[in-house]
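Assemble the complex: chain A is given as a structure, and chains B, C and D with the ligands must be docked to it using the hints.
Residue numbers (this note's numbering), protein chains in the order written: chain A, 46 to 304; chain B, 46 to 304; chain C, 193 to 501; chain D, 193 to 501.
To be clear, the hints were calculated from the coordinates, so they are not data collected in a lab. Among the hints, a few may not be true.
[Claimed, not checked] Taking lysine to any residue pairs in the SDA-like style, the calculated list, with each CA pair at most 25 Å apart, reads:
{"hint": "1", "chain 1": "D", "residue 1": "K397", "chain 2": "C", "residue 2": "P475"}
{"hint": "2", "chain 1": "A", "residue 1": "K49", "chain 2": "C", "residue 2": "V427"}
{"hint": "3", "chain 1": "D", "residue 1": "K220", "chain 2": "B", "residue 2": "V278"}
{"hint": "4", "chain 1": "B", "residue 1": "K129", "chain 2": "A", "residue 2": "T123"}
{"hint": "5", "chain 1": "C", "residue 1": "K397", "chain 2": "D", "residue 2": "D364"}
The model shown is predicted, which means the values in this text are computed figures rather than measured ones.
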Amino acid sequence: MIKKDWLTISKQETIAANIMELTCSGPLAKQMTEPGQFLHLRVDSGDDLLLRRPISICDVNVEKETVTMLYRVEGKGTRRLSLKQEGEKIDVLGPLGNGFPLDATERGETAILVGGGIGVPPLYYLSKQLKNRGVNVIHVLGFQSKENVFYEKEFSELGETYVVTADGTYGEKGFVTDVIKEKQLSFDTMYTCGPTPMLSALQSTYSDRRLFLSLEERMGCGVGACFACVCHVVGDETGTSYRKVCTDGPVFPVGEVVL
Amino acid sequence: MIKKDWLTISKQETIAANIMELTCSGPLAKQMTEPGQFLHLRVDSGDDLLLRRPISICDVNVEKETVTMLYRVEGKGTRRLSLKQEGEKIDVLGPLGNGFPLDATERGETAILVGGGIGVPPLYYLSKQLKNRGVNVIHVLGFQSKENVFYEKEFSELGETYVVTADGTYGEKGFVTDVIKEKQLSFDTMYTCGPTPMLSALQSTYSDRRLFLSLEERMGCGVGACFACVCHVVGDETGTSYRKVCTDGPVFPVGEVVL
Amino acid sequence: MSRLKVELPGLSMRNPIMPASGCFGFGKEYANYFDLELLGAIAIKATTAEARFGNPTPRVAETTAGMLNAIGLQNPGLVGVMNKELPWLSQFNTPIVANVAGTEIADYVETTAKLSKVENVHAIELNISCPNVKQGGIAFGTIPHVAAELTREVKNVSDKPVYVKLSPNVADIIEIARAVEEAGADGLSMINTLLGMRIDLRKRKPILANGYGGLSGPAIKPVAIRMIHQVSQAVDIPIIGMGGVQTAEDVVEFMLAGASAVAVGTANFTDPFVCPTIIDELPGLLDELGVDKVTDLIGGSWKTCNVHL
Amino acid sequence: MSRLKVELPGLSMRNPIMPASGCFGFGKEYANYFDLELLGAIAIKATTAEARFGNPTPRVAETTAGMLNAIGLQNPGLVGVMNKELPWLSQFNTPIVANVAGTEIADYVETTAKLSKVENVHAIELNISCPNVKQGGIAFGTIPHVAAELTREVKNVSDKPVYVKLSPNVADIIEIARAVEEAGADGLSMINTLLGMRIDLRKRKPILANGYGGLSGPAIKPVAIRMIHQVSQAVDIPIIGMGGVQTAEDVVEFMLAGASAVAVGTANFTDPFVCPTIIDELPGLLDELGVDKVTDLIGGSWKTCNVHL
Ligand SMILES: Cc1cc2nc3c(=O)[nH]c(=O)nc-3n(C[C@H](O)[C@H](O)[C@H](O)COP(=O)(O)OP(=O)(O)OC[C@H]3O[C@@H](n4cnc5c(N)ncnc54)[C@H](O)[C@@H]3O)c2cc1C
Ligand SMILES: Cc1cc2nc3c(=O)[nH]c(=O)nc-3n(C[C@H](O)[C@H](O)[C@H](O)COP(=O)(O)OP(=O)(O)OC[C@H]3O[C@@H](n4cnc5c(N)ncnc54)[C@H](O)[C@@H]3O)c2cc1C
Ligand SMILES: Cc1cc2nc3c(=O)[nH]c(=O)nc-3n(C[C@H](O)[C@H](O)[C@H](O)COP(=O)(O)O)c2cc1C
Ligand SMILES: Cc1cc2nc3c(=O)[nH]c(=O)nc-3n(C[C@H](O)[C@H](O)[C@H](O)COP(=O)(O)O)c2cc1C
Ligand code: FES
Ligand code: FES
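Okay, chain A solo, but in the shape it has when bound (with noise of 0.2 Å):
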């Protein structure tokens, strides 16, 4: 199984305030079939940033072997890969981690995906799946305010979905948990993925219910060899049990971890 190939950037636009919408293609992608994994990528060959990106992937086109991915520019990494023009290489190493499950939810079921900022683009991928599997899907999609809203559209056609701003100036104004019980919207299982206050919040109010929660770690490695990316088990007393994010997660079930 291949684990690291050059991908070719077919198409990179800006779709939001500081969010790009990235397209590669390559025979990598045939490998990117569970949703919630990530791809660890170098953004250009310089010595200068040393580390790989952790991109979630957030859809896939298996038969055209293309992968879409969607980032914030954040700091020199996101900045520089911004820059990367149509037919140039980026080296990739994945699919990596363990995604979401999609087999906890049963045909026929809801589902509810619950994204915020930078958390929401794995949940497309997500989507597409149960849908695909005749899950029902409602998205709830929190973002910081209207510059920031993306892929609105792209989940509309999967399935209900709300757009919640921090500052109202679009959708609907307050946080996800907000919007999920003043529209009671009622479900099997939760997926979800974003800023950890975000998840604890979610954790905690739903900590019986089937839910599945995506984390975010510094990495080095990104395959489980450096112990940058672990967490603590919850219920552990010895303190030394651990999960890592990048192989044991990045998704985990509700009450597994320490948040």
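Frame of chain A, contents of chains B, C and D with the ligands only:
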């Protein structure tokens, strides 16, 4: 006066083994009127290669605002430079240093231009300008081997041209000094640029002639501030006198500095 | 390919390349990428007497041409390593260097005594950069007599050759090197990381939860080369060199400086295939440099040249 | 633009940016590029009692994200600096920091006594990284009591505040900093270069004619930040921070670590306009960070946060 600007690559191609011809355009070119001066190039904006690379001016078209440089792919910097495409920009500081004195040779006199390897390029712009001033130019160009020879045709169009290769695979066999003697080439002024052993040989043979030598030294700033590129002065008893290759040179009259 | 062979105390290496301790776990992960029998040796993650979780996250931060880490010696402890990691590694015919850490001399002694008895452990690497609780948290590796004492005690109980891994955070690396050599070290590993820090401008606090961390990667290579050049001329025991190695050229530079073998750390994160790639490229580079055997390079920068430093 | 103002002993700076000693000559060259009155101060090249040619060439070598230099303190000597360089600099209304070097305490004392009387010298910067001939070539800066003695003697004769420039090549930077503070230093400059080396693979010898050289540039920034963070919490005198500064962000990081002003060295070579560019970009960055005055940043990483190190 502009001293640092972005030039746009208009052409880059391989013209001999590991030798690239790079043509760039931009208003800065208008200031590049003195043959023997050099440009200090920042290869790219990555932070891994901090130092600029000194490259001689090989040819300039002041009207069209273009400058040509020839360089050998040596280490990290020139390797990376060689990958740059037409349309890309490079950050150029210059023109820097003191070039070859044109007025050391009168109209009607003969100048012999002796180049070794990657010391050949600055002689081209020099030859053009000398010829324009009515000076008779002779070129003796030394290379390692046939595959390294470049610009023979260009120099031939300006004047008598002898190519010498160390291994005899092209032109005369041996060193440039051999050829000057064997062919009994006579001249009023000699201008030279090339490896230090060649410069030393010429300096000792022609110490009583009008001879100008262009030196090479590792540089920091390129502008005279860091004292990286100094050489001793001939006859200095204190041992503390110096010349800076970057600002006092790279061209020095015979007998001024210790090679 | 015997031109790549290197013989060191306890380590019969098919080539001079090993992954550096802490950058390769216990080998399992990278075994998914390539055959571990391609490697000259494997330095496994630091083992402490008890299992340790290590520091809070974030534990890594990027710096220009380097990275900071403050993993905090997370490891499954002596028992975990002996019962699980080493047995798994025994399937590979590649010598194992077991990196040992602790906060008191007794920890090191206990861990070494047991680990060095394991058949597929071929050498012990003493990580003396750890803070010594008895000395108020000052690292063992910065005080020559403390480093020597630790070395002596560990040598007393070790069934296998002991390499002492030096910290670069000292004024006089030669002094430490000589002290541990006299105390019986069979070899040296150098360098460990430089102590560094990065601050998050917006949060106004260190990026690493631990505040400070160890700087590794190409940024520190010139410091490593200098220290190896100094120490290799001052001691008679071999040196495993490390600090920023990414390419076959780097390996040659380390060996010319005085290293007898080379470990690759951070570069594994940039490219999981970096070790086999380097091993692959070494013979071609030796040809280019007109070098017959890789061992001919050792100390070449001072053995054959008359530059006085 | 008073929000950029910084007041330090002897130095009333319009902004916290100065070029670092040795990386800006005596100002003449860069005066061709921009108005030197844009700068907060100027640290001029090390001055020694006698004129010095310095080391043979090559004197510089590039390293990944850094460079090595072994200039060897080339300078026109006390007389040359006083008669030629300082008078020329007096046309600019920008405080001058005169960097002083030597190989014996007497050299430092002589040079400081004279230089500190020159009107446009506003402060002395003691370069204690120089090898001390009396101590067998060990740098003054690595032994606390030697550094303290040097500081005391120099303070005795100096008409201007004295900043001691610390070498990072030590195990315990706090110890040295405290020693020179107690000896009367008015401020600290840190860090000087890390000792490093590069080897030419083909020639099998060091690239620098001098063998070893000082490593500077972004590669060393994390070490500088760490040391400033440590020292600024341990002393009461201000710190001029340096080591790899290239951008306004870097300046903020140094000040949050504990520096009161910042010097820019190697980056001048990469971009001769780097100092004015940084000065230009600082106000916008302060706005972005919600900072009113640049001095509000000083020590911000430890003054306002509860991380214990
Ligand atoms: C499993 C996973 C999936 C992710 N998926 C996405 C995604 O789909 N889209 C997206 O925009 N972002 C995603 N992120 C966050 C993304 O990795 C960071 O924003 C990115 O690495 C920042 O790099 P930079 O060069 O811009 O920032 P810099 O600050 O220059 O980065 C410096 C170092 O810190 C690391 N780092 C900085 N911020 C983060 C962060 N938030 N999380 C992890 N490492 C960080 C970088 O990887 C790098 O090693 C994901 C993170 C993880 C762990
Ligand atoms: C005044 C002057 C004019 C020059 N003109 C030309 C020219 O027209 N064409 C050409 O091909 N070369 C020229 N050179 C040499 C050219 O500068 C080097 O070949 C080039 O800098 C090597 O860079 P690199 O990144 O490939 O090598 P690296 O080894 O990666 O360079 C590392 C560092 O060493 C310096 N360096 C390495 N070799 C040399 C060298 N021979 N001279 C000076 N610095 C060096 C680099 O500038 C850089 O700072 C000139 C040098 C000088 C001083
Ligand atoms: C994430 C990480 C973890 C490390 N853990 C250890 C360790 O457990 N024991 C040890 O002796 N060195 C450890 N090191 C240091 C490396 O083994 C090596 O000495 C150092 O990183 C320099 O090499 P490099 O620049 O190739 O990474 C670690 C380094 C890194 C980056
Ligand atoms: C070429 C060069 C020459 C230097 N000369 C001196 C000097 O004369 N005196 C001194 O105290 N520091 C000298 N330094 C050290 C710098 O002032 C500075 O402390 C160091 O380079 C770190 O800063 P940087 O990374 O911004 O360059 C020199 C540095 C360089 C690169
Ligand atoms: S990033 Fe290395 S173990 Fe997870
Ligand atoms: S390169 Fe700096 S003085 Fe010449």
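* With a cut-off of 25 Å on the C-alpha distance, tell me whether K397(C) and D364(D) pass. => 22 Å, holds
* Asked: Within a Cα-Cα threshold of 25 Å, do K220(D) and V278(B) meet the stated pairing?
  -> 22 Å, holds
* To do: Sort out whether V427(C) lies within 25 Å of K49(A), counting only the CA atoms.
  => Answer violated: K49(A) to V427(C) is near 42 Å, above 25 Å.
* Is the hinted pair K397(D) and P475(C) satisfied, with a Cα-Cα distance of at most 25 Å? -> 21 Å, holds
* **Hint consistency between K129(B) and T123(A) [alpha-carbon to alpha-carbon, up to 25 Å]** => Holds, at about 22 Å.
In summary, the structure is inconsistent with hint 2 from the numbered list given earlier, while agreeing with all the others.
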